Amino acid sequence: SADRTEGPALLQAISAQLSARSLGDAYEPRVRTVVRYLGTHTLDYEHMLETLSELVHLSSSRISHLFKQEVGISLKKYLLWCRLRATIQQHLHSSQDLLASLFQSGFHDQPHFSKAFKSMLGVNPSFAYNSRTVQGPGSEEA
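The numbering used here puts the first residue of the sequence shown at 70, with every later residue one more than the last.
It should be emphasised that the hints constitute simulated quantities derived from the structure, not laboratory data. As the structure is a computational prediction, the values presented were derived from the model and not from experiment. Some hints here could point you the wrong way.
Straight-line alpha carbon distances no greater than 25 Å define the calculated DSS-like cross-link-like pairs of lysine-lysine that follow [said to hold, decoys possible]:
| hint | residue 1 | residue 2 |
| --- | --- | --- |
| 1 | 145 | 184 |
| 2 | 146 | 187 |
| 3 | 187 | 137 |
Modelling step: build the complete structure from the supplied sequences, incorporating the hints.
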């Protein structure tokens with residue numbers, strides 16, 4: 070169980086680490102292509118491997134193996150991270166409510182999102198969204 074003071078800092082650190090990593094020479098070119106594609110497209114997991122295989126001209130098993138070798142997590146977890154990141158950004162930086170944001174990012178319902186958020190980040194979404202650490206400067210209401 071994450072400590073209440075560690076959760077927001079962890080979320081911010083994870084977000085910063087994954088957002089700040091340069092795609093320059095950090096990854097093999099086909100993995101860079103996959104990372105860029107997943108950052109701009111919403112895919113269902115069922116169609117993801119087929120789409121990515123066609124994109125980089127590798128078999129599903131080869132792209133899965135190469136991605137995990139290069140990035141350090143599975144494609145499925147990375148896709149989940151992309152959906153979480155998109156939902157968080159949409160919700161915090163737009164007028165959309167959470168439900169609209171999570172549907173737009175590919176989650177089926179709020180419990181699906183909450184379970185994924187907790188499993189990936191170790192804190193509940195309500196705790197993270199209520200944290201001034203996650204909201205950042207200038208998010209206080211007058």
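Now for the hints, and whether the structure bears them out:
Straight-line distance between C-alpha atoms of residue 145 and residue 184 comes to about 15 Å, which keeps the hinted pair within the 25 Å bound. Pair hint residue 146 plus residue 187 holds up; C-alpha atoms about 13 Å apart against a cutoff of 25 Å. Between residue 187 and residue 137, the direct Cα distance comes to roughly 22 Å. Compliance with the 25 Å bound is thereby established for this hinted pair.
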